[in-house]
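**Student:** Each chain is listed here by its residues.
Protein chains: 6
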Amino acid sequence: MSKIIGNPLPNMPWQDKPEGNRDPMWRFDRNPIVTRHNLEGSRSVLNSAVIPYGDGYIGVFRVDSLEMIPGVHVGRSKDGINWEIEPEQIKFINEYGDMAKFSYGFDPRVCYIEDRYYVTWCNVINGEGSTVGAAYTYDFKTFHQLPNVYPLYNRNAVLFPKKINGRFALLNRPTSRGHCVGGNIYYSESPDMEFWGHHRMVIGTTSGWQGTKIGAGPIPIETDEGWLMFYHGVTQMASGMMYSIGAAILDKDEPWKALYRTKAMIMGPEAPYERSGDCNNVVFPCAALADSETGRIAIYYGAADTVLGLAFCEVNEIIDYIKKNSY
Amino acid sequence: MSKIIGNPLPNMPWQDKPEGNRDPMWRFDRNPIVTRHNLEGSRSVLNSAVIPYGDGYIGVFRVDSLEMIPGVHVGRSKDGINWEIEPEQIKFINEYGDMAKFSYGFDPRVCYIEDRYYVTWCNVINGEGSTVGAAYTYDFKTFHQLPNVYPLYNRNAVLFPKKINGRFALLNRPTSRGHCVGGNIYYSESPDMEFWGHHRMVIGTTSGWQGTKIGAGPIPIETDEGWLMFYHGVTQMASGMMYSIGAAILDKDEPWKALYRTKAMIMGPEAPYERSGDCNNVVFPCAALADSETGRIAIYYGAADTVLGLAFCEVNEIIDYIKKNSY
Amino acid sequence: MSKIIGNPLPNMPWQDKPEGNRDPMWRFDRNPIVTRHNLEGSRSVLNSAVIPYGDGYIGVFRVDSLEMIPGVHVGRSKDGINWEIEPEQIKFINEYGDMAKFSYGFDPRVCYIEDRYYVTWCNVINGEGSTVGAAYTYDFKTFHQLPNVYPLYNRNAVLFPKKINGRFALLNRPTSRGHCVGGNIYYSESPDMEFWGHHRMVIGTTSGWQGTKIGAGPIPIETDEGWLMFYHGVTQMASGMMYSIGAAILDKDEPWKALYRTKAMIMGPEAPYERSGDCNNVVFPCAALADSETGRIAIYYGAADTVLGLAFCEVNEIIDYIKKNSY
Amino acid sequence: MSKIIGNPLPNMPWQDKPEGNRDPMWRFDRNPIVTRHNLEGSRSVLNSAVIPYGDGYIGVFRVDSLEMIPGVHVGRSKDGINWEIEPEQIKFINEYGDMAKFSYGFDPRVCYIEDRYYVTWCNVINGEGSTVGAAYTYDFKTFHQLPNVYPLYNRNAVLFPKKINGRFALLNRPTSRGHCVGGNIYYSESPDMEFWGHHRMVIGTTSGWQGTKIGAGPIPIETDEGWLMFYHGVTQMASGMMYSIGAAILDKDEPWKALYRTKAMIMGPEAPYERSGDCNNVVFPCAALADSETGRIAIYYGAADTVLGLAFCEVNEIIDYIKKNSY
Amino acid sequence: MSKIIGNPLPNMPWQDKPEGNRDPMWRFDRNPIVTRHNLEGSRSVLNSAVIPYGDGYIGVFRVDSLEMIPGVHVGRSKDGINWEIEPEQIKFINEYGDMAKFSYGFDPRVCYIEDRYYVTWCNVINGEGSTVGAAYTYDFKTFHQLPNVYPLYNRNAVLFPKKINGRFALLNRPTSRGHCVGGNIYYSESPDMEFWGHHRMVIGTTSGWQGTKIGAGPIPIETDEGWLMFYHGVTQMASGMMYSIGAAILDKDEPWKALYRTKAMIMGPEAPYERSGDCNNVVFPCAALADSETGRIAIYYGAADTVLGLAFCEVNEIIDYIKKNSY
Amino acid sequence: MSKIIGNPLPNMPWQDKPEGNRDPMWRFDRNPIVTRHNLEGSRSVLNSAVIPYGDGYIGVFRVDSLEMIPGVHVGRSKDGINWEIEPEQIKFINEYGDMAKFSYGFDPRVCYIEDRYYVTWCNVINGEGSTVGAAYTYDFKTFHQLPNVYPLYNRNAVLFPKKINGRFALLNRPTSRGHCVGGNIYYSESPDMEFWGHHRMVIGTTSGWQGTKIGAGPIPIETDEGWLMFYHGVTQMASGMMYSIGAAILDKDEPWKALYRTKAMIMGPEAPYERSGDCNNVVFPCAALADSETGRIAIYYGAADTVLGLAFCEVNEIIDYIKKNSY
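If you read the protein sequences in the order shown, they are chains V, G, U, Z, L and H.
At position 79 of the first sequence (counting the first as 1) the number is 79 in my numbering, and the numbers step up by one without a gap.
Take any residue in the second sequence, count from 1 to its spot, add 1000: that is its number in my numbering.
Take any residue in the third sequence, count from 1 to its spot, add 2000: that is its number in my numbering.
Take any residue in the fourth sequence, count from 1 to its spot, add 3000: that is its number in my numbering.
Take any residue in the fifth sequence, count from 1 to its spot, add 4000: that is its number in my numbering.
Take any residue in the sixth sequence, count from 1 to its spot, add 5000: that is its number in my numbering.
The set of hints was computed from the structure by calculation and includes no laboratory data.
Treat the numbers as computed from the prediction; the structure is a model and nothing was measured.
Even glycine gets a Cβ: it sits at the ideal position worked out from N, Cα and C.
Incorrect hints may appear among the rest.
So the derived list for chain H, only partly shown, Cβ under 8 Å to chain Z, looks like this [to be verified]:
| id | residue |
| --- | --- |
| 1 | P5151 |
| 2 | Y5153 |
| 3 | N5154 |
| 4 | A5238 |
Simulated pairs of lysine-lysine, BS3-like, Cα-Cα distance not exceeding 30 Å [claimed, not checked]:
| id | chain 1 | residue 1 | chain 2 | residue 2 |
| --- | --- | --- | --- | --- |
| 5 | L | K4324 | H | K5162 |
| 6 | U | K2091 | Z | K3324 |
| 7 | V | K91 | U | K2323 |
| 8 | L | K4162 | L | K4323 |
| 9 | G | K1163 | G | K1252 |
| 10 | G | K1141 | G | K1257 |
| 11 | V | K91 | G | K1257 |
| 12 | V | K324 | Z | K3091 |
| 13 | V | K257 | G | K1091 |
| 14 | Z | K3162 | Z | K3141 |
| 15 | G | K1163 | V | K163 |
Take these sequences, add in the hints, and give me the full structure.
**Tutor:** So this is what it looks like as structure tokens:
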């Protein structure tokens, strides 16, 4: 029996698997849980990050305005399902000047390490390109921006929830179409969240649903089998790219080593709100809640680049599935 | 009168400017100085790095084999003009495993800092892409490879010859055609050559000869006016890309700030061995020698991706030219 | 209070904004109003132009046949909602020979100026490309084709409903992907509808929903604040292009000067018939009716390149919205 | 009155045309008939081939796994509507070694000629590309693979159900890597299913719905008017490629001569399961059943690259339609 | 015997055809006649326009600076061979504001009509694209800029030296790679050099040397056979585009009708200064001198985008050649 | 000591290797041996095939006309060095109608098998694409065209000079439209030169000089070590594609098995006529003569797509070189 290592989270959102359903992950039946109607003036609320906070939940949400410019907003919830999103974008305090240039950000992740909350995101610098942005906060009111992690061309950066071998550890995806290779998941380390090095490839694209590019999703979940990492895989269809969800188990001490990873997708676009929206055929996981008592896992995912959905799985079953469906 | 800060180098290669020539940089009249005939089994000897060593010179040369696979080789010379290139490629000792993956390298630079020689190069990892490789040596016999500087997609990395504000400083070019922005020159810092951060853009592409991409060339030369940085600029012509040479003056203490940079090229492809070769219309500067006594500067540059040439300029004249021809 | 300048149009299609709806534009609840079922043998009826005529309405409709070749047809309606479309395409009388080549046309606009109705459209010349076609009619039975407005590569041409400074005035979009710039809206003048000049850019692409290309929509509506111009904006998503609706206010006397223009979209694809069809995620405005008495505006728009929808707004509210949401 | 030449097939799936429907082909009202729920572990069941067998039907089905790697499976049905698909992929016996390389196959067709069943499919050889794969079976248990038909770059190969002028005859589409280049239908001959020659173009792309590429669909149906060939046509829309169905009549004795071919599509994507799926806007015909007694024809077609649908037409009406709508 | 209609030009540059040479056009043996050494600070002097003026010649030269930004300069010559180029670019007086936007210009042509000299050029507007720029001068000191001829995306515009049917007449090339059709030569008319219309295609690309794009060259030469038009043709080779010279005879009164046009090139890149330069394999004709007494024609042409060459032909022979080598 | 199997050819062109030259292949010092001056009205004479005939030599030459349309011509020579080329293109007698469509041909090879001479070439069908054309002749006066070998998209087809296992054997390269996709060497068989099958890949692209595409060159030479096959390899440089020469040894009885193949190129573009021409940096081998007595081999190759050169090697040395430089 696989186990989640961490705190219990008894009040997390949950719904048992519907009878007859044999998939390893199943949708919340009240999906989508967050839409543009949660915030006036928005075009879409999508790939967002959620974390327990106080006796409820807090999150950093990607909200695309009616201008269709992405932004990141704080949101709050008692139950993890009903959310209030602040109308103002997060204003990052930049003490690093040109080292922390920021035009706009999207696809945030939130991670608690030691004494504070770190936010990472795809950080767009107008006229240059996109890199990984990072910031920390103690209270989700004041956000201190850190220097950008790479000079340029990286996204889908996801921190581990504790230091690995004494260093901050970051999953990330160097990006370049110009090199005829797709986007793979890498691992970088830092002693201080300012300087980064020791880069290693973790897993790469293969074929089928994950043949074009892949990228890390929620903060990895610690289990007794290793780190449970959900990720998205992309394939190019004649009508555009399709985004699905897979998972891998990374070595506990050397998380740049993938022990298992799914050949088969765990969940692909199928519900109408996943099939049709501003970007059709997208399920994009960005955050997870996990209860060490019960092994329950809830995945927050963007659907069709338009709304936010919730899906569930159970740690023992999913780890079993990953192992059995691994390359 | 501008001055080079550093050691005198009385025996460096030199040739006075031909009469009537009004260009700020002029070619050696015995160019090309190194060709494939310097090393049996080679297709070309091109973009290479040279540095004073003992009472002569040593270098790290890019040699493309008859398979047209690039490699880096040590070369030695008494006079900086006649070179003997070792037939074996440099074998880097890798103590960092997957953090320092290496399939092959090209376009090396060599830099002496404090107590040793550092080599940086475009480091290709088969199946992944290219990043910045780094290594150090004390004797050009044993080379210790350091972890790769970025996860992926960076090249033309050039170290400063001393620490800036206590940190190693690296010019570099993040690379991606996929983002519709060309290649610009960035500045990154490291406390230890292992972890890198504090990334800033230095200068970007503009138009004309430097409208498509730009990249740092030789190790920057310290002068009383700031750091003298030669670089290459690329423009797309109907018959392919053309590579020319420009220069900039970077702030002494904050070298990520360019004080001046040439609107006009300093030297473009014109000699037959620059116009015609495996890649036509290329002059690609990779190394410089400088004599603080006389202000003489010698630039080593790859020509047409096929041979190595030598060009000269004088510090006072060139700095004056840069200032007068700056944006 | 902003006012429409022009005739009252008491019998125009209208529906009050649904309660609770806070959008500046709202859909007709019987959309789509025209589909392929309005004309046997058609695959789709889409981007079309409508204008008051007699005691009812007349229009020039884009009908794509089952061959999926676009064509333009006359349609008639009492109420502007229920339409009868003529099965035969419009046959333009060409008195200009090779100056008015025509293979097929699409995306028509209709404009009444002084004494007659002008039709403009995207005019495809097989083997050459597309330019702006123009014709006039007095009775929608005989159509006299004028010379093509440009040699080639222009579309989305929209006339102003009266001469500006004594000249015909035409919004248009020069087209070229080859130049790495998107499609922007220009303004051209003509003394006689035969010779054109005095070209000026009006507004260009910016970012988000209007970051890839933009093009004028219905005939501009004269108001006391200036010309009210609705337009479409296009953004490239991973699953294809998405077309939304924006608006601008152009200077009354110098309409090549945009006084305001929406940062935010006014209406994007959201209804099922806009999300899904032969070309997903398209709302494409082509015609407007306006009542100077009440300030009511009805916009005809193509949805998903498959059907025709109707949306409403009110002049005072929309102008207010444009001003508040302008760059 | 046109007639089908061949056996009666009284128990074939059939449904009369709904009243009021004037289209030449109409959908089964219980579509989709086969989905991923017909086989656990599948992502989609799509472009598949069906043929009478014993007192029921048998088929070769394209099943894409949850890895989204295509595979071909045998399926069985009593009524042609309810199918049981074998969980194991077909294992081809390869007696031809490198002449019959096979990584995976998709879009199968099945054809009975003289004494056995031939299967042809798009045969992907990893690292090389795709060509036409071929095999035969007597019992749908043992499949003998034949040498690949072309060195590379061909797909949509469809055999005629009897030899033409004493030779096996194969419709096919020479192609290129990727989705982006055009493709026309060719005719090749073979004395023995091992060596192929006498290649001729049959019909090419034209414009509109069949402007980008075309490919043969079911095994051609013999009629007294010639061979009735259904095919798919593809057009590039701003939101991706759209696949529709057309038909042609080929000369009885010289089937490389098309007597008629539809300018208009016969059926395009319109039902929700055709509009939306892993690849939106696809109807892709792969098999047909025909009853010589009644003239009834049932077409099996893949919908949205996700499920299998069934559509009907009547030989006399469809041939009449083709003739009237021909170029 | 064909005849040039116009003034005698006894002092024009000339050199008899070398013995043994059977080509219809032959090179000046002192080519290149103008290089970057004619103007300090220039990278290249290329596609330029020349016209008789006083007892000598005057011209508008394309000079690319060391920044590789094109510019247009006045040049003067006694003999048409030795040229002095003004170091300052032409400053156009713009009385038309945004109708005559100008960032920089290149590939000028000069034409005398009625009472003044008109200059047309490829007019680049930064951030928009390129269109046709136009200006007039009486003295080559003051240049009055006219409104740009098209909104955007046109180049290689060449005026006829007299009004045709009472209107200014302009050869031009609408430009768009986005439409998958190459660049063809069009004809536009204007009553006043401000408003343009009556656009017609003259000749298009065919195959071989003129298969990719074509563009008009010098001002057409009036002959008793019609207008003699030299033009360039472009073909895509594996090592880039190749530019060659062809010719056509246009109808005297309806010059949009080509009576003859060369299937074969008249002159392709062959001399070293044509083969090798900033853009290899380019001969680009821009101006012509013609002597009605002797039938001598001198063509000025840019070579390899780097220098200016001179080639000769004789009216009778060239017209004969065109007729015999026409499609 | 390796030996050529076949007839002696004492009068073949030959020149001993220059002293000091250590390359396995060396150029004729009177290169280029054939240029456009060998045939009036030609732009270039390039990739051509030569074979012993009577007491001299005969060949099929690729001649590109001044229209730059390729054509194939017969040429004759006493010594294999001085050639007379017939001004008329070969007229193929087509007894196969649409099975042997032919618009124009290029890059011919000539092979004697049993009783006649076969010509194969890249066969362009206008509006379709290119495939392999084939014909035979007894006397080089009458050429009987055979059916095209593949439906479409194949080139560089080269016959073996005798049947292999009783069948005609053809090296070929499946390809795609355009220049930009890779291409490997395949092997196909035919019992009768009409029907083809049994396709197998022989060797593929690897990296460096042969990383983009490869294609067979002259008719393979039989030796006691196996078939000696010269081929061209292509790599993409920033200034265009570069074509070099390599070689392989194929198994005598199963020539689809490569025993050895050169990692290093044998000869790359270096002479001025190879570096510069209509397509820079091309050496393209198309024919070979071999003398079994002395082991001498002469290679005819196209240079820079403009002229024909001759290079030499010696069977023993070249086979030794291939073995030592093989993968």
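**Student:** Which constraints among the numbered hints does this structure fail? Numbers only, ascending.
**Tutor:** Violated hints: 4, 5, 10; rest satisfied.
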